[in-house]
Each structure stands twice: as C-alpha cells, then as structure tokens.
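These protein sequences, in sequence, are chains A and B. All letters in the first sequence, in the order written, are residues 1 to 312 by the working numbering. All letters in the second sequence, in the order written, are residues 1 to 473 by the working numbering.
These are computed hints drawn from the structure, not numbers from a lab. Heads up, a few of these hints could be off.
[Unchecked claim] Looking from chain B toward chain A, a few residues come up when the C-beta cut is under 8 Å (computed):
1. G97
2. A256
3. V263
4. A266
5. A300
[Unchecked claim] Residues of chain A clear of chain B, computed beta-carbon distances all greater than 12 Å:
6. N36
7. T56
8. E62
9. K113
10. A117
11. P118
12. N131
13. G156
14. E180
15. N186
16. K188
17. K193
18. E201
19. A202
20. I203
[Claimed, not checked] Covered stretches of chain A (in silico footprint by chain B; criterion: 3 or more residues with CB under 8 Å from a CB of chain B, positions within the stretch not fixed):
21. 43-55
22. 280-294
All residues carry an ideal CB built from backbone N, CA and C; glycine is no exception.
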Amino acid sequence: MTAENREEQEVSEQEVTQYDRQIRLWGLDGQKRLRNSKICVIGLSSLGSEIVKNLTLAGVGEMVLMDDRKVDEKTLLMTRDGGNFFRANFGTAFENRASASLDRVQELNPNVKVFIAPGFTSDKNLDFFKNFSLVVIAVILPKDELLRITGILREGGIKHIVGATFGMYGFGFNDFLEHEYSLTKNEKTELRKISFKPLSEAINYSENEVTFPKRYKKNKVRVALNLYEAYISEDFKAKFAEFESLKGIEDWGEEFEGDIPPIGAIVGGLMGQEAIKAIGQKERPIYNTLLFDGDRMDAKELLLPRGDPKEI
Amino acid sequence: MKTQLWEILFCLVVLLPQSLNLLQIAEENKMLSNANWSEYFKTQPGYLFSVLIPGFDWLLDSLTAFWLSFWNLHLNDVKPKLALAADIPLVESGTAGYSGESSVIKKGLSPCYECSERPRNKTYPGCTIRNTPSEPIHCIVWAKFLFSQLFGEPDDEQEVSPDAADPELAVGCGDGHATGSKMQLRTLKENVAAWHKAVTDVKERRKRDGHLSWDKDDTDAMMFVAAAANIRCGIFQIEQKTEWKVKEMAGNIIPAIATANAVIAAIVCLQAVKVLKNNIKKTREVSLRVQPTQHYILAASTFADRNDNCVVCAEKPTVTITLDTKKFTLKDFREKVCQKKLSMHEPDVEMDGNIILSSDEDDLDENFLKKTLSEVGVNHGAILTAEDFQQEFKLEIHIEHAEELPEIDGQNDQEFRISGQEKATATITAQAEEVAIGKKRALSSQTESEPAAKVQKIMDHLDLDDDDDLICL
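Okay, chain A solo, but in the shape it has when bound (with noise of 0.2 Å):
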C-alpha cells in the first residue's frame, strides 16, 4: 500500500471501456492517477456521500469511509446530517453509518477497493492519514478539531477538502498544497502551480481582503463570511440561526432541519470535481473558498489574497 507500487497500476482494458466518456475528458493519464489514489471521507451526511458517490464512480482506488454516529431508524433519510443514500436495508442495525453504507458503495464501483475506517476523527494522527492521497471532511467539526486535523494534513503534504452545507447555502475549501496542474487552452497544453493557503491563515482574513465577484453586494459579502466564520464557530447552530441562510427551506418542510438533499448533491458535485482536481491534475481548481447560495443557485469563488492564479 506505499505509494510506490501504487503507480505502478496501469489502466486497464476493462477499465477503459468502463470509464470511456470520461477518459475522453481527462484523458488516460488523469485517469490513471485516479486510478492509484486513496480517499477517505470523513462524514457521510448528504454531502459526503454525494461525494463518495461521485469519487466511487470516478474510479478512484481506494474508498474509506470514516462516520461513527449511530444510524437512527426513524430518522430514515430526512434528517439533519441523515440524508445519506447509501444506507441499505432501513430495519438493519449497523454498527454507525459508515458500516451502513459499505455495501451501496461497493456496488456502485466494483474496481473501487472500499473499506472503513473505524472510529471519528479524535483518535486519529498522521500514522493513520499519512498513506492517503486526499482527505474531504464532509461533517461539522469544532473548531479546534478541525484545525488541528487540517494542520496534520498539512504537515504530512496530504491535499484535503473541507466543506458542509447549511440549508440552501455550501461551503467548500480547498487545501491542495503546492499545487500543479495542466490546462488546455486552443489546443496548447501548459503547465501551472498554485500555492494553497492552509485552513488556519484563511480565517483570519477580514472581509477586506478576501475579493468577492464585481457587483456583488456588501451586505452579502458579510452573510457569506458570517458563515464561514460560524461553520468554525462552536456555538455553529445559534450563530446559523441568525441568517437569512434558512430562506427559502420552507418550501422543502421542516423535517430538513438544514439537511436539504439536492444543495448536498450541488455541491457535493462541485467538491467532487474539485477532488478530481486535485488528483487528476487538470483544469484550475477553486481557490481556496466555494460558496453556493441555493436560493440564486450560484457558486462562486471567494479568492484570498496573494497567490492569485495567473489567469483570473
């Protein structure tokens, strides 16, 4: 499992014809560092098994799913955190979600080798994530966990995505590290890097710094970095309360409580391509912030200060 051996795996026949539409995308070399990449995903809520799923078909190598909190039966898909499609069998007891899902998982991608992980987040350190090629925290952390998790990522060069969705508005931050990749413009191919700017400098920046679309209004600018400072914060769920990111969730019921499927499938896909970004190599990715609002249906790109890709 070092990564040595791991690029020695071709793509195979099989493999090709399995994956032709999107070999035609990214090409076999794109689809080979897929191929020879490990994942683990950290949180199986509607977002993070959007991701699984979109990573799963992609036809990465190794799948590690990592969630402990119980699967509630009466629950079912509708709850906070619970829109996970994966779960088989409603009646079943499983030892927590990612046991749940292991099975849909595996069916969607025979190729993909799919383990779990066992156990969260608070017992693990760099001997357990050092062997992975990108890890996406898909779940609510505090604060302090979830900076002291993405200065272990950091120390180790492992690339990573956090993100979470909260009613009709998502989040996603890219931490790619040095970063290289190719792009294709009139048929001429260069080669590029970006310098990623880690979880914990981010937060400090003020509104000031961080440059948001033309056009884009102040007051909206403020709602946006309000959230990214309140999905940090401890006390996330009274701070959520006091914005308008709740607008328009009545026409979806209560029974969401924040967990809407189709914003965890928006931008669970958008972190998915992302990821495939980060392992693939091609196309820029997002730097480092993704914003969407569900209710307008945009998502934009919040760019930090210094570091800009050339092209923007």
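With chain A's structure known, arrange chain B on it following the hints.
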C-alpha cells in the same frame, strides 16, 4: 446520463412529498397511449404535469405506456413543442463534459427551444468528402459512407467515388503529416489487415442479415471505418487517428461525468420546486463551468428575452417564405420547408380551406407531389396555414415569389429563404396598404402601440428581486 436521472429521482421522487403522488398518478394511468398524451397534458389538473422534466420520462416509461424520447436538443424534438402548446413549464437541462446548463421554458415568459438557432449536425460538402479531404474527419465521414454503400441501403447523397467533374480534383492534396499519439496507431500494413478482417466479417453478416447500418458500438463496423479512414488519411497525407479517437469523431461521443450530472440534476430539482411553489420568476438560467469565470463556477441569470421572431412560441406564429413558385415542387415544400426547416412531422397545409398537402400518407401521390406550387394555385401573396397535429403546432405561411433570391453575404446556395414574424407582419401591412390605402392610418397606429406593449411585457417579466444586478455573464 443515467447518473443525472438517478439524482433527479433521488432528490425529487424520494424526498419531495408531491412527487410521491406523481408516481401514484402515473401508475393509475397505465393505459395511456402516446397518441393522446398531449391531450393528457391539458386535462390533468394540478400535480402530474405541473412541471415537465425531460429525462424523467424513463421512470414514467417503466410505469406507464408513455412514449418519450430522452433529452436531446434536436430541433424536431416533439416534447418541447408539446409542453409549449399545453402551456406547461418545462425544466430543460443538459450536460456535456465538465459543463452543464439548466433553464425553465414557459410560454410567453422565457425563450423557447427554438428562439435561438441551435447548432445542427455538421455536414461536409460532397466534393470535400469524395475528392479533396484535408482533415481526418473528412476521411472518417468518407469511410462511414463507404460502409453504407457496401453493406447498407444505397444512398446517392453518400457517394464515395471521386467526382471527375469537379475542377478541384486535379489540384494537389493537403500537406499535412502523420504524427504519433499516446494510444497506438496502426501501420499501413496493420490497417489493411484490420480492414480486410472487418470486410470479411461484415460481408458474412450482410449475407445473413441483409442491409446493415453503421453503429459505433459494432466492433466490426468500427474497425472498418477506423482502418479505411486511416488508409485514406495516409493517401492524402493527413494526420491519422487511433481507433479510440475515430470512434469519438465518427460516433459523435459526448463526454459525461458523474459530478456535472449531479450538480445539474440537483439544479433541475431546485428549479422544479420553484415552479411548483408558483415562483417561476425565481427560476434561473444556470450554467456550470469547468473552472470559475469571473469567480463563478456555477452562474445564474434571469430569463433572456424571447425572440419575437420565433415561429414556435409566438402568440400567432407566422413566417414569410421567399421562393420561386414556378419551380418549387410540393415535395420540396413538404420535405425541405415544412419538415426540415420548420421541424414539423406530418404537415397539413391548407389555403382558403383547400388542402394543399395532407398528413395522410395515402393522399400523397408521387405525381401530385411533383407539381409546382403555382400549379396548385399557390402564387405570390398566398397565405397558407400549416398544421402539425402531432405537435399541436400551427403556423401561417406567407408566400413571396422571387425568380432569384437576393444574395446575402455573397452567398446564394439556397432554394428558398425564410423570415420570421416581423417580415410577415410587414408583408401583411404592405399588402393591406395596397388593397385599402384608407386603412393605413389605423394600421400604423397599431404598429406604434407595439413598442409600448413590448416594454410592458418586459416590465412584467422583470424579476424585481434586489439581487437582479448580480447577473453574471
């Protein structure tokens, strides 16, 4: 595309309470046949077709006897027109590779499928294919034609032998050169061997099964085209392509990925919920990009303006067609104008209550179809009514006679020219002026009032949400 459907299914059917009823109602109506389902659109109050999502059909298909084609942007697609005719909002969507889009089509409010010209399948001039190929695609098309000529139904438009009458034939060929590629290219010898094997196999099948049609997923047919195209590329010194690449070009394969499908499918659900909640003005034209453009990776804008000249979604669709009534035959009028250009399926054309063309195949006899328009009384200034029952589509056609069409941009390769509403209105106005000059004042005052009505219409459609200035292009 399947993942996109599953996504819609998951988000909308499993989780949206209304949709559960949708399934139920669909099941209760098992006996529905495709013939009367446009009627069905109109008669069903409330839920079932309060919003129509293309691609959702396969689900209904498994439950009922609905017939629908899956999402595609062909202009002659029945569905969008039917939805328009029945005045039901349609959530349109599609993905291609990393990109995708979704918008809502509502009669009179948003642009319809045919408000803007959409790209049609690209075709190449016969002389390029037969005599002077300069790009790999020319050789691939030639090889597909060759396959059809040898093993399919003969088709004059798919001629492959050199055209001796073409003056360009003598001119030298392109000076391209073969380059290597990551995936293996066959040598000439291997190409000949591959072609030989494919021909032998296909010949056997031809004997057994009769006419064959080319299919990219048919291994023999694919090998035949790849080998033949590359041999021809070699002859004309054009860059050769691997069989894998030839398959993409010959079969028009559009790349598809799970992520883009998931995002767009979920957007479709959000749009549908807005429509169901009677909030159609809150729906957006959403587009997904490979990478952020002006900071947006998913951009949303309000409805674009409808095309007032659109012949499909106008209140009273009217077009003017300029052609030579003394030469243009009914057959051409039916096939080239009605079917190809106006995308009607089975047109019924009438003039002053007399049937000119009937949708009933039995009434279309060869000799009658050979007649020119003027022979059946259709001359300059004639007003025809064309109708397609299948699509619930009706429009008025004004005929303008011209022995030679005026050139546009130095080109004059068409047998007829078609113009939209404005031209038709102008023609009516002009004719009315000729007939009764006295009515001129009334008519012109009517035209003057149009801009005001248009402004009002735009105002009505403007979304007064304060976020409107955020439209991102």
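Tested hints:
1. Interface hint status for G97(B): upheld, as the beta-carbon distance to the closest one in chain A is roughly 5 Å, under 8 Å.
2. At a threshold of 8 Å, the smallest CB-CB gap from A256(B) to chain A is about 4 Å, leaving the interface hint in force.
3. Given the 8 Å rule on beta carbons, the hint for V263(B) holds: about 4 Å separates it from the nearest Cβ of chain A.
4. Given hint, A266(B) at the interface with chain A, holds; its Cβ is 4 Å from that chain's nearest Cβ, closer than 8 Å.
5. Given the 8 Å rule on beta carbons, the hint for A300(B) holds: about 4 Å separates it from the nearest Cβ of chain A.
6. For N36(A), the shortest C-beta to C-beta distance to chain B comes to about 17 Å, beyond the 12 Å cut-off, and the non-interface label holds.
7. Taking the minimum C-beta to C-beta distance to chain B, about 9 Å, the non-interface status of T56(A) is violated against the 12 Å cut.
8. The beta carbon of E62(A) is kept farther than 12 Å from every beta carbon of chain B, the shortest such distance being approximately 18 Å.
9. Every beta carbon of chain B lies more than 12 Å from that of K113(A), the smallest distance being close to 19 Å; the non-interface claim holds.
10. A cut-off of 12 Å between C-beta atoms confirms that A117(A) is not in contact with chain B; the least separation is 23 Å.
11. At the 12 Å boundary, the C-beta of P118(A) stays outside the reach of chain B, the nearest C-beta of that chain being 28 Å off.
12. Every Cβ of chain B is farther than 12 Å from the Cβ of N131(A); the closest lies at roughly 25 Å, confirming the non-interface assignment.
13. Its beta-carbon lying about 26 Å from the closest one in chain B, G156(A) satisfies the requirement of being farther than 12 Å from that chain.
14. The claim that E180(A) lies off the interface holds: its Cβ sits roughly 15 Å from the closest Cβ of chain B, which is beyond the 12 Å cut-off.
15. N186(A), annotated as away from the interface, keeps every beta carbon of chain B farther than 12 Å; the closest lies near 14 Å.
16. No beta-carbon of chain B comes within 12 Å of the beta-carbon of K188(A); the shortest separation is about 15 Å.
17. Its beta-carbon lying about 15 Å from the closest one in chain B, K193(A) satisfies the requirement of being farther than 12 Å from that chain.
18. Its beta-carbon lying about 20 Å from the closest one in chain B, E201(A) satisfies the requirement of being farther than 12 Å from that chain.
19. Taking the minimum C-beta to C-beta distance to chain B, about 16 Å, the non-interface status of A202(A) holds against the 12 Å cut.
20. At roughly 20 Å, the least C-beta separation between I203(A) and chain B is larger than 12 Å, which holds for a residue marked as non-interface.
21. Check result for the region 43-55 of chain A against chain B: holds, 3 residues qualifying (beta carbon to beta carbon below 8 Å, three or more required).
22. Figure legend: the region 280-294 of chain A, annotated as covered by chain B; annotation consistent (7 residues with Cβ-Cβ distances under 8 Å, at least 3 required).
Comparing the model with each numbered hint stated earlier shows that hint 7 is the single one that does not hold.
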